[in-house]
Amino acid sequence: MEMIFNNHRRLKRFCFSIYTYICQSDEHFIIDPSNYPSNDSIEKSFVGKEFGEVRSYIHPTSLKRVFQSHVYSIPFPFISFTRLTCSFSNDLFTNVRILVLTDDIRWNCELFAKVNRCFPRLETLMICNNSAKEGDESMSVVTFDRLIILRISTSTHIDHIEQLLSKQYICLPRIHELTVSYEQLNQLTNGFTKDRTQFNCLQVEKLIVYEDFVRSEYFLLEVKNGIRSQRINKK
Amino acid sequence: MTGWEVEISLIDQMYSSTISVTLQKLDIQLKTFDECLLIFDGRFPSLVHCTIFILKIDLTSTSIDNQVNLRTRGYDDLIVPFVERMSNVEEIRLLLNVERRNTYLLVDGNDLQQSSSIETILF
Chain L
0 MEMIFNNHRR
10 LKRFCFSIYT
20 YICQSDEHFI
30 IDPSNYPSND
40 SIEKSFVGKE
50 FGEVRSYIHP
60 TSLKRVFQSH
70 VYSIPFPFIS
80 FTRLTCSFSN
90 DLFTNVRILV
100 LTDDIRWNCE
110 LFAKVNRCFP
120 RLETLMICNN
130 SAKEGDESMS
140 VVTFDRLIIL
150 RISTSTHIDH
160 IEQLLSKQYI
170 CLPRIHELTV
180 SYEQLNQLTN
190 GFTKDRTQFN
200 CLQVEKLIVY
210 EDFVRSEYFL
220 LEVKNGIRSQ
230 RINKK
Chain Y
0 MTGWEVEISL
10 IDQMYSSTIS
20 VTLQKLDIQL
30 KTFDECLLIF
40 DGRFPSLVHC
50 TIFILKIDLT
60 STSIDNQVNL
70 RTRGYDDLIV
80 PFVERMSNVE
90 EIRLLLNVER
100 RNTYLLVDGN
110 DLQQSSSIET
120 ILF
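Protein sequences appear in the order of chains L and Y.
Numbering that gives the first Met the number 0 applies: residue 0 is where the first sequence begins, and numbers increase by one.
Numbering that gives the first Met the number 0 applies: residue 0 is where the second sequence begins, and numbers increase by one.
No lab work stands behind these hints, which were simulated from the structure alone.
Any given hint could turn out to be false.
[Claimed, not checked] In silico lysine to aspartate or glutamate, DMTMM-like type, Cα no more than 20 Å apart, as pairs:
1. Y:Lys-55 x Y:Glu-34
2. L:Lys-48 x Y:Glu-98
3. L:Lys-166 x L:Glu-122
4. L:Lys-63 x L:Asp-103
5. L:Lys-48 x L:Glu-26
6. L:Lys-166 x L:Glu-204
7. L:Lys-63 x Y:Glu-34
8. L:Lys-63 x L:Asp-90
9. Y:Lys-55 x Y:Asp-76
10. L:Lys-166 x L:Glu-176
11. L:Lys-11 x Y:Glu-90
12. L:Lys-11 x Y:Glu-89
13. L:Lys-11 x L:Glu-52
14. L:Lys-11 x Y:Glu-83
15. Y:Lys-55 x Y:Asp-75
16. L:Lys-48 x Y:Glu-89
17. L:Lys-205 x L:Asp-144
18. L:Lys-48 x Y:Glu-83
19. L:Lys-132 x L:Asp-103
20. Y:Lys-30 x Y:Glu-98
21. L:Lys-113 x L:Glu-136
[Said to hold, decoys possible] Which chain Y residues stay away from chain L? Per the calculated CB distances, all over 10 Å, these:
22. Thr-17
23. Asp-26
24. Ile-27
25. Leu-46
26. Arg-100
27. Tyr-103
In this text the structure is predicted, and so the values were computed from the model without any measurement.
Glycine included, every Cβ here is placed at the ideal spot set by N, Cα and C.
Starting from the given sequences, assemble the full structure and let the hints guide the process.
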């Protein structure tokens, strides 16, 4: 191993996942994007240094003052992968159970198919993206076989909530816990009046919402022994 | 003592004594990086496997000089010396999210090298 491991004579394996977030917060700092390393130069920095196989990618972002990069060992050894963006490497992350997917650029329709393909053992998915979906091509339904927990950040665009919860796009046969904005769920289901079998809500045992809310007339109560629609008088 | 799975008031005791001479595996969540250093200070002489989770490594929470903190970076001054200190380990897994301001330097293969060559007197 190089430098950092000069004294580690017994070291047989070093693996890592290092995400760097750089923010040029000083307003007087003149940003010159050409000063940032390219993905190629980041990858080359690991070559010949006995770090094993390494992946690197730069996160595309709409924020001028922000630069993000992620370098990690392959095979990826950790059970959680945080800060994944749409430009991640096309590898198999078989150890990962928990994935945090955050972005501020538009996702295309194929992203969730790629996530499903690359993270075959995913149990918890947390997503945040306030940009709308890109394009609307018809795609085959993506089934997340093992996903149990889905958390959707409040600032997430309704396009992605629709994509995740509507069976037209994604099937979540084992989903157990759902965190979502009530208002967005209300909007998506047209006040809980749409056919509930169209949505990935039938198996949900635990629904967590961010805000105080007045229950819709047709709010669906999801209970352990099967879902049932209850008509609840408005407060 | 093996198989701790409960929250324990460990750290207060750690400042004064050896916690366990037999413990081989320790999975622990800590609040500060200082506590992390104490684990490898001879308090667990039989430790074979250790997983540490720290939600946020905050420079101001460490015991090194505040004036030094202002002009140095957490990665170089805390993480690198910490890894260097563990000279007997056979395997290291390092999962890090690093935040930096007003710089073009990110953590890559070169940075792992350059950072590690800085002589730090933390330990």
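Evaluated hints:
For the given pair, Lys-55 of chain Y sits about 13 Å from Glu-34 of chain Y by alpha-carbon distance, which is consistent with the 20 Å threshold. Distance restraint check for Lys-48 of chain L and Glu-98 of chain Y: the Cα-Cα separation of roughly 24 Å exceeds the 20 Å cut-off, and the hinted pair is therefore not satisfied. Between the alpha carbons of Lys-166 of chain L and Glu-122 of chain L the distance comes to roughly 18 Å, so the proposed pair stays at or under 20 Å and holds. For the proposed pair Lys-63 of chain L and Asp-103 of chain L, the alpha carbon gap of about 12 Å is at most 20 Å, so the pair holds.
For a cut-off of 20 Å, the pair hint linking Lys-48 of chain L to Glu-26 of chain L is broken: about 37 Å separates their Cα positions. With a C-alpha separation of about 18 Å, the suggested pair Lys-166 of chain L and Glu-204 of chain L falls inside the 20 Å cut-off, and the hint holds. Under the criterion of a C-alpha separation no larger than 20 Å, the hint pairing Lys-63 of chain L with Glu-34 of chain Y is inconsistent with the structure, at around 37 Å. Taking the CA atoms of Lys-63 of chain L and Asp-90 of chain L, the gap is about 29 Å. The hint is violated against a cut of 20 Å.
Using a Cα cut-off of 20 Å, the hinted pair Lys-55 of chain Y and Asp-76 of chain Y holds, with the two alpha carbons roughly 15 Å apart. Between Lys-166 of chain L and Glu-176 of chain L, the direct Cα distance comes to roughly 17 Å. Compliance with the 20 Å bound is thereby established for this hinted pair. A distance of roughly 6 Å separates the Cα atoms of Lys-11 of chain L and Glu-90 of chain Y; the hinted pair therefore holds under the 20 Å criterion. With a CA separation close to 5 Å, the supplied pair Lys-11 of chain L and Glu-89 of chain Y stays within the 20 Å bound.
Between Lys-11 of chain L and Glu-52 of chain L the alpha-carbon distance is near 14 Å, which keeps this suggested pair within the 20 Å criterion. Between Lys-11 of chain L and Glu-83 of chain Y, the direct Cα distance comes to roughly 15 Å. Compliance with the 20 Å bound is thereby established for this hinted pair. Restraint check for Lys-55 of chain Y and Asp-75 of chain Y: satisfied, since their Cα atoms lie roughly 16 Å apart, inside the 20 Å limit. With a C-alpha separation of about 17 Å, the suggested pairing of Lys-48 of chain L with Glu-89 of chain Y holds against the 20 Å cut-off.
A distance of roughly 18 Å separates the Cα atoms of Lys-205 of chain L and Asp-144 of chain L; the hinted pair therefore holds under the 20 Å criterion. With a C-alpha separation of about 17 Å, the suggested pairing of Lys-48 of chain L with Glu-83 of chain Y holds against the 20 Å cut-off. For the hint linking Lys-132 of chain L to Asp-103 of chain L, the alpha-carbon distance of about 11 Å falls within 20 Å, and the restraint holds. About 18 Å separates the Cα atoms of Lys-30 of chain Y and Glu-98 of chain Y, which keeps this hinted pair within 20 Å; it holds.
The suggested pairing of Lys-113 of chain L with Glu-136 of chain L holds, with an alpha-carbon distance near 15 Å, which does not exceed 20 Å. The non-interface label for Thr-17 of chain Y is consistent with chain L: the shortest C-beta to C-beta separation is roughly 23 Å, beyond 10 Å. Against chain L, the non-interface label of Asp-26 of chain Y holds: every CB pair exceeds 10 Å, the least being about 12 Å. The Cβ of Ile-27 of chain Y lies farther than 10 Å from every Cβ of chain L, with a closest approach of about 16 Å, so its non-interface assignment holds.
The non-interface label for Leu-46 of chain Y is consistent with chain L: the shortest C-beta to C-beta separation is roughly 14 Å, beyond 10 Å. Listed as a non-interface residue, Arg-100 of chain Y fails to keep its Cβ farther than 10 Å from every Cβ of chain L; the least gap is roughly 5 Å. At roughly 4 Å from the closest C-beta of chain L, the C-beta of Tyr-103 of chain Y falls inside 10 Å, breaking its exclusion from the interface.
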